[in-house]
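Since each chain sits alone in its own frame, please combine them into the complex, following the hints.
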Amino acid sequence: MKHTIAVIVENKPGVLTRISGLFSRRGFNIESLSVGATDNPAYSRMTISVEGDDVVLEQVVKQLSKLINVIRVSRLDPQESVERELAIIKVSANKDTRSEIMQIVSVFRARIIDVSPRSLIIEVTGDEKKVDALQQMLRQFGIKEMARTGKVSMVRGSKVVQAGP
Amino acid sequence: MMVRMTGAEAIIECLRREGVEVIFGLPGGVLLPLYDALYSSDMRHILVRHEQAAAHAADGYARATGRVGVCLATSGPGATNLVTGIATAYMDSVPIVAMTGQVNTGLIGKDAFQEADITGITMPITKHNYLIKSSRDIPRVFREAFYIARTGRPGPVLIDLPRDITVDELEFDYPEINLPGYNPSTKVHQLQIRRAAEALMAAERPVIYAGGGVRYANAHEELFQLATRLNAPVTTTLMGMGCFPTDHPLSLGMLGMHGTKYANLAVQEADVLLAVGARFDDRVTGKIASFAPKARIIHIDVDAAEIGKNVRVDIPVVGDAKIALTELLKHVQQRPWTEWNEKILSWKREYPLRYTRDENVIKPQFVVEKICELCPDAIIVTEVGQNQMWAAQFFKHKDPRKFITSGGLGTMGYGFPAAIGAKVGRPECEVIDIAGDGSFQMNIQELATAVVNDIPVKIAILNNGVLGMVRQWQTLFFGKRYSHTTLGDVPDFVKVAEAYGAVGLRATKPSEVEDVLREGLASDRPTVMDFIVHRDEKVSPMVPAGASLSEILELES
Ligand SMILES: Cc1ncc(C[n+]2csc(CCOP(=O)(O)OP(=O)(O)O)c2C)c(N)n1
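Chains D and A supply the protein sequences, listed in that same order.
Just remember that the working numbering sits 11 ahead of the position in the first sequence, which is counted from 1.
Just remember that the working numbering sits 66 ahead of the position in the second sequence, which is counted from 1.
Calculated directly from the structure, the hints in this document are not laboratory data.
For each residue, glycine too, the CB sits at the ideal point set by N, CA and C.
Keep in mind that a hint or two might mislead.
Heads up, simulated BS3-like pairs for lysine-lysine below, C-alpha to C-alpha not over 27 Å straight-line [claimed, not checked]:
no.: 1; chain 1: A; residue 1: 396; chain 2: A; residue 2: 253
no.: 2; chain 1: D; residue 1: 77; chain 2: A; residue 2: 199
no.: 3; chain 1: D; residue 1: 140; chain 2: D; residue 2: 13
no.: 4; chain 1: A; residue 1: 604; chain 2: D; residue 2: 73
Using C-beta positions, here's what the derived DEER-type ranges look like [said to hold, decoys possible]:
no.: 5; chain 1: A; residue 1: 98; chain 2: D; residue 2: 158; range: 43 to 51 Å
no.: 6; chain 1: A; residue 1: 244; chain 2: D; residue 2: 153; range: 49 to 57 Å
no.: 7; chain 1: D; residue 1: 13; chain 2: A; residue 2: 611; range: 33 to 41 Å
no.: 8; chain 1: D; residue 1: 27; chain 2: A; residue 2: 143; range: 44 to 52 Å
no.: 9; chain 1: D; residue 1: 64; chain 2: A; residue 2: 610; range: 27 to 35 Å
no.: 10; chain 1: D; residue 1: 136; chain 2: A; residue 2: 613; range: 49 to 57 Å
no.: 11; chain 1: A; residue 1: 543; chain 2: D; residue 2: 166; range: 50 to 58 Å
no.: 12; chain 1: D; residue 1: 27; chain 2: A; residue 2: 611; range: 35 to 43 Å
Looking at chain A on its own, in the form it has when it is part of the complex (with noise of 0.2 Å):
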């Protein structure tokens, strides 16, 4: 039986069939009528301060949770601020649906009152997106959006709502999805799967390159399966950190600008490349001509388009990375440990990820050090930069969905809102946001949210009072000239945690950093804890931009 309601019942009618438990957000004008429904429901609803941390929030909670997170903003200027937030989701390939007011259908086009054309202006960062121009198109365009946004590569969708369709009348019924033109692959072609297997069957070098792909799939239990059978060492990207345990003989660690030198050394020396779910990042294959020079290129990603973008690849396998690595598995027998495992051992014993301890100054690397020895379990977030290096080195990654960072886009002020996101989605784990002071203040303002609805997670800022990786840069490559990267006096943060209502700690010593986090991890409030960090603390080792993975700088602090 079909039932009449107005398109903002609808809307929250479809958001209850695709099993949203939560929509982060914050209204104006024209979603007064969504609003008001939203009123009526049992929605669960979180006001944001700022509509990008509607966004980021949503973001984090569908890393963590692997369910479509929501957001919901204003026309105008609400939507255009969630335009960072989407760009985040889409470089990262998460599923998201963002919603956004719009004016009225006669009114568009017309430059009214917070108009702004947000299909057009998100038409490259997201997945898909729509202008509903009817409210009886309502059901078939969510039913739509949630499905485009969680299959195949996941991604954001947009769904722009003008505020007469939210009022208008509709019969409502959930259609069928229809999209000719929309055909997820779920299959792998098996002549590939089996030139594959034959390929790291015969690697005298083999090294698997593991990405975020491998976390959305839930491939993560494949890939351990088929590195142990095969022997084969395995490195992730910043994105599939945890998909492979860090602290496993066969683990490289992370690659790349950042990576650990026996990732890279080995990713040089390979003779075959098993490429999964991961899309060749710059910052991961430093300059393109040199990488991997020695190696076959197998690459398994379930969107074609990944295939051949930036590096040729000899053997292409399209299909989701669950699949294609259950596969791939029928055709790998064991493979022994040989000299290329002793080899890598040998560099991981040479080349370790380290830095030099001080007795009167905190070490970043050992804040991480100590937040992992705490708290193994804890859901990692980090804003970007030196923060983020250090969070993704020196914790130890052994579950995917438990580091959130922005990856693709490297946005600044993600991790807090993100952290939120995370925490509401996994209330049971502990939520850390691993920051820095520059990117902290980027959203800073949603110490609010996390207070006001009650939402417990932790920010350990390590603070050294500058734009640390840029000001880095400076260092290494402009001679020093800082322009404009010193922040000054970066404002008390433990006053400022608790002028919001939140709990704020600080540790200046590193006898202080372990009471520090005891209490903060103890504590059952929203926590700030300002880590006072040198300010000449540097990323190790590095990986100069545009050079090749063989040039690779161990770095003194």
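In isolation and in its complexed conformation, chain D is listed as follows (with noise of 0.2 Å):
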């Protein structure tokens, strides 16, 4: 089972290297991790993907939640959450494949960001599945590189996962 959750921190250094190594020290495994910093600068927020059943995300929460450092941890349920992850994937495109390619840009509401003779850079923005989907189209033309931000989360309506109260 893969799980979600959102990890609100204080932003100071080593906080990261914390958090990573009690995924690794307790043998837990993270599928993605992704952090930025909240609107107040004083806090990051992290959202952790991790494989693993109940008891595995129970301990997960306890041992973050043990952390000095972190503020919050929530469990993201999957169905009341909206999720999206961006990826920036550079593309073999000829003057043969172009417009294929960018007709599958075009279904899948991505967008070229880059162009030159040889290559196109597509920007997508999506849940996991669509990122994926798009990858796969993608595959058949040459995929040269590809950068993923790994999953952002957050629960819809009026409910916060913040460091206040």
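Right under this line is the structure:
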């Protein structure tokens, strides 16, 4: 089972190491981890995807909560959350294939952000499945390089995960 | 009014405000400004011979006094020498603050002389750690460090001190603690307390399993009241030893690998198991799948992450053991003495801890019993191995702060320096390190520390000439193939003691044991008592590693 958790941490040096170190030491499996500052620059928000059963998830949450620099840990129910990932993909292209690629890109509501005689760079956001699907489609043309951010996630509606009360 | 001072002076001021009375340490280049400030302060500093001993001494001090122990080591090798001691304290939840020197902030990351990334190294073995980058942060960091070390589930905190921050000046201001991510729980969940009380009252075969958390929370009286009110038998872990008097009719002694047969049988038969401040270590549970198979499990722990970590828990109670037990006591009434209690008494009669006595050879168990008889109120510290298990089994523990041993990490070499720390913290108590000849040699150099600083600890070596516990496993599980467990010609410990300026005594026959002990205990100097015992003596009973608690072997020796 894959789970997604949001973690609000103090924005201090070494915090990422503490988090990733905890995962490796306790034998938890991180699928992806993405970090960025929150609206309050004193805090960062991490979205972490973990693989494991409910017992593992519970331990992950409890162990993370123990870290002094961790302010809040929240499980995100996939049914009630929006999840997004960004990928940029450099794909081989020439005059024969370019238009076909552009068609695929438009079907996926992705964007072309760089064009050169032998390649295109495509930007896509969406849930993991969508990014996977586009990647799959582009493979036939030859993916030269790809960068994916890993997932970010947020609960729908007015409920929030933040540092304050 | 704010006062201007150097970082080094600020550190000493912080220690003073935290009530620190002694530091165990050893200097080095980057620590010179701090040691210089120490020179003009009235802070007591005990110079050790190896930094590992500084960490263990701080740990022993903390366990014996209930206060935070403090140790200090220089950058690089000094800092890495602390690591075993810090990990030992971490595994047993002992509050210590370890300070390490570090190279100047501008040199960090440049592989400077004697640089080690000690915050990186100790991240997994500290409750928290700090690298101070500016002298201004010193007061805040020290205040937080002591607070974190001693609150909630206690543990070691490390503070890394680059040389320049100890020289730079600052305006000293001791700020309030502001740690938004750290809220040690003080309240317990009333619904869970009521569920726990109901389960205990409905139990036909209750067993209480108490660990080190009871000791740290000072909850032994509440534990005693609960157990006697419920007439529930109590077994303790190695760390919980002394939290319930071993000579009480409800006492089951220790459980687990070298626990009593009756404790293990009781746990396997229990219908409700109340675990308090214990973490279901594998040395205790044996094979998890068949641990306490008939029991509903109630688990009280201050650390929420312990609940459900190793075993499934039916009724979790997150909170300090003293608070939780006090609440629980409000909801339980007197339970009668039942068939279950009688059953346990019959098991206790049937399977007592025992050993065969011998006229000609000293039995290590006999030495421990004699120590207990002659000095029942001593603080007993142990090394690791058979000596540790015999000390746990054959001493009658009745005071929670008087059994000091490395349970979680099982660190050989722990006992002697920890004994030094305990004696410094509680000079009025007799402190005896029950040692193996192997373990004692891991920090034997601290004889110098004890002698020079006039710390009259006693070391009772159960000298079997071998790494006894490992040899026991080889005997039982490796067809007596004694691969590298014979120490060979061990040094003459009496002469070693004398060379260091300590007292050395030896007993080679059972008839000499009592005299040696009397003389050793009467000595007001550090004293080594060397008891020559047989190398084939075994710790019994024993649950083989990975086996179920029901598969307990009684070993002949
Ligand atoms: C630092 C360290 N190294 C190795 C071990 C593994 N070990 C556990 S018990 C033991 C033997 C201890 O021998 P000794 O101190 O002579 O005590 P005895 O068992 O003979 O009483 C060893 C080597 C350990 N626990 N700690």
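Here is how each hint holds up against the structure:
1. A/396 <-> A/253: Since the Cα atoms of residue 396 of chain A and residue 253 of chain A sit roughly 15 Å apart, the hinted pair holds (cutoff 27 Å).
2. D/77 <-> A/199: holds (24 Å)
3. D/140 <-> D/13: Holds, because 13 Å separates the two Cα atoms, which is no more than 27 Å.
4. A/604 <-> D/73: violated (40 Å)
5. A/98 <-> D/158: 43 to 51 Å: holds (49 Å)
6. A/244 <-> D/153: 49 to 57 Å: Holds, since residue 244 of chain A and residue 153 of chain D (Cβ atoms, about 54 Å apart) stay within the stated range.
7. D/13 <-> A/611: 33 to 41 Å: holds (35 Å)
8. D/27 <-> A/143: 44 to 52 Å: violated (28 Å)
9. D/64 <-> A/610: 27 to 35 Å: Taking Cβ atoms as reference, residue 64 of chain D and residue 610 of chain A lie about 29 Å apart, which means the hint holds.
10. D/136 <-> A/613: 49 to 57 Å: holds (54 Å)
11. A/543 <-> D/166: 50 to 58 Å: holds (54 Å)
12. D/27 <-> A/611: 35 to 43 Å: For residue 611 of chain A against residue 27 of chain D, whose Cβ atoms are near 37 Å apart, the range 35 to 43 Å holds.
Of the numbered hints stated above, those contradicted by the structure are hints 4, 8, listed in ascending order.
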